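Quick mapping for you: the protein sequence lines, in order, are chains E and C. The first sequence: position 85 = 85 (our numbering), numbered continuously. The second sequence: position 325 = 325 (our numbering), numbered continuously.
Do not rely on the hints blindly, as some may be mistaken.
Chain E regions said to be covered by chain C (calculated; three or more residues, Cβ under 8 Å) [stated by the list, open to error]: (1) 12-18; (2) 60-72; (3) 76-87; (4) 175-186; (5) 266-273.
Listed next, with one range per pair, are the computed distances between beta-carbon atoms [to be verified]: (6) C:E14 / E:R169: 49 to 57 Å; (7) E:A176 / C:A40: 23 to 31 Å; (8) C:A113 / E:V82: 35 to 43 Å; (9) C:A110 / E:A156: 42 to 50 Å; (10) E:F3 / C:V245: 38 to 46 Å; (11) C:E8 / E:V82: 51 to 59 Å.
Don't read these hints as lab results, they were simulated from the structure. Computed from a prediction, not measured in an experiment: that's the story for all the values here. For glycine and all other residues, C-beta sits at the position ideal for the given N, C-alpha and C.
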Amino acid sequence: MDFLLQLVVSGVVTGGIYALIAIGFVVVYKATGVINFATGELMMIGAFFAWTAMTALHAPFVVALAVAAIGAAAVGALVERVVLRPLMGQRAISVIMVTIGLSSIFKGIAQIVWSGEYRSFPQIFPRRPILLGPVLLPSRHAYPFLIALAAIALLALLFRFTRTGVAMRATADDQATAFGMGIDVRRMFSFSWILAATTAALAGIVIGTIGGISPQLGAVGLRIFPVVILGGLDSIGGALVGGVVMGILENLAGGYLDPLLPGGGVKDVVPFAALVLILMVRPYGLFGTRDIERL
Amino acid sequence: MRIGDFQESYAADEALFRTATQRVWVGVLGVALAAFPLVAGEYLLYLANLVGVLLIGALGLNILTGYTGQISLGHAGFMGVGAYATAIAATRLGLPFWLAIPAGGAAACAAGAVVGVPSLRIKGLYLAIATLAAQVIFEWVFTNWTGVTGGIRGLNVPPARLPGLVLDTDLRTYYLVLVVVVLHAYAAANLFRTRVGRAFVAVRDRDLSAELIGVNLFRTKILAFMVSSWYAGVAGGLFVYFTKVVTPESFPLTLSIQFLAMIIVGGLGSIQGAIYGTVFVTLVPEGLRSLAQVAQELAPDAMTFFHPMRDIVFGAMIVGFLVFEPHGLAELVNRGRRFFALWPFPK
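Next comes chain E alone, as it looks inside the complex:
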């Protein structure tokens, strides 16, 4: 029982971080219809910004966060303006491949600037683990999870109450009408990429504090596909639910199935098997909008 509980709790923690990454992804998809394969690399770049601020400039963690957020926002805005805007409304394959191309460029640049080595973040959080009843939560998992939760809450408030947030939701809902109501739709595209890059940077830092960073960190980005497909590609609430469910699922699969199968690695494949099932049964996910096609 304790084993199960331990797995579920660490699944929720992983899931919270997945949810944070997935939200940035969903925001971009909602606003611009782009599936962002470069999410993982945006995470990696953002994490390296923070790492540089902390190690080279000896900045405190909060300042490093701000540096990473600003840097990532600039990268996001640049990418949207230079690469994605000319491709607006192009075929699905162009849009997918351009983000894949970007991810390759980011990976190369990161290797040149920060070298391919593996780096660990300086100690940020107190070392003492947190006890939740019978479950022991290492501090390097607990604090990142709290940061992820706080960021998600902040984003929710932003969408709910700020003028820009409302404008972004309107754009996602119906571009033409939003445009007619005087919303600068192009600026909203830009904002959605800025937001995606910033949340990705935060997620990258959070993951970096758990296990260190390297230019290969972006591979984690693939993990969000099961999450967003389960939740629905265009649902922010869905990203949250999907993240937690997938986090728990992969932990349970890892905990119970890994010993049964030779070679292991079940944890990495089960979310994708689930993804295929979801696509067969309910392609638009739990909370996604159902597309109706007309000729």
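Using the hints provided, position chain C relative to the given structure of chain E.
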């Protein structure tokens, strides 16, 4: 300016190569390819074989993605299925290569039929994600089904044999690859002059309209997946006889992405495009490598920049072509040909 370009019979009008100029150039190309090993060294032959194997895969992906409009991020997975099936047929069943390679194609074909099933319900971006999942699952199976695939140690395969001849050098493999490539390129070019091929294009352009004019969507999409996977499987089979060993890390997601890059750089929905794209995408990194080796003489740590530069150039190639020349190299070549055909008159 070229004049007198007219045909006197339907057969001439439908021919694959319509003008005498084209036929001459194809003949020149044929002779050049056959004579290539006479002038090429070991390294060039290796590259030629590599390009040939990847070209078959790229042709297959272009049939699925370029002509039928179904995005696949799992092409390397199918190639892997073909490679493992060929390796198993050659070692456990002891089949000769001319049966083992088609066995690989058939196995990949079957896998393609299964992965293609969701394509009826989901399309576009969702299909891309579904095939991504297939790629991840294939890789996992290659690594973990140790009883069949040999796990991470992989399987060793004896070289292909003909009576009195062992195809154990790159030179001998070259002709095997060349024959298979020509057969498959010829089949692909002809496919789009048949009803099935036209149905593929109709599905790409607007699937619902295609269904209304009598194209069975489900059958056509599955068929496209099967044909494309056959190509991937044959590429995998050739790869086995080329490298003599199969391991799971030969078929990663990055290879799937590389295939997509080839058809985008070359030109989606164009046989020549797949050829140009494969040659370009495979040779650019090699050019970079030679450049890095030259630069190493001047700056000793130049080699450390080679890997990152390869990533950057690869990404920049994809982004650059998509933004500036979405129809790829095939369009550039066509523009050049039009220029010379119309010269000295401006268009």
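So, going through the hints one by one against the coordinates:
Counting residues of the segment 12-18 of chain E whose beta-carbon sits less than 8 Å from any beta-carbon of chain C gives 0, not enough to reach three: the coverage restraint is violated. Only when three residues or more bring their CB closer than 8 Å to a CB of chain C does the claim for the segment 60-72 of chain E stand; here the count is 0, and the claim is violated. For the segment 76-87 of chain E, the stated coverage by chain C is satisfied: 3 residues place a CB nearer than 8 Å to a CB of that chain, which reaches the threshold of 3. A count of 0 residues in the segment 175-186 of chain E with a Cβ less than 8 Å from any Cβ of chain C is obtained; the coverage claim is therefore unmet, three being the minimum.
Counting residues of the segment 266-273 of chain E whose CB falls under 8 Å from any CB of chain C gives 4; the rule of at least 3 is met. Taking 49 to 57 Å as the suggested C-beta distance range, the pair E14 (chain C) and R169 (chain E) conforms, at roughly 55 Å. Take A176 (chain E) and A40 (chain C): their Cβ atoms lie about 58 Å apart, and the range 23 to 31 Å is violated. Remark: the range hint 35 to 43 Å for A113 (chain C) to V82 (chain E) is upheld by a beta-carbon distance near 41 Å.
Between A110 (chain C) and A156 (chain E) the C-beta distance comes to about 47 Å, which sits within the given range of 42 to 50 Å. Hint check: F3 (chain E) to V245 (chain C), Cβ distance near 41 Å, so the stated range 38 to 46 Å holds. The given range of 51 to 59 Å is respected by E8 (chain C) and V82 (chain E), whose C-beta atoms sit roughly 53 Å from each other.
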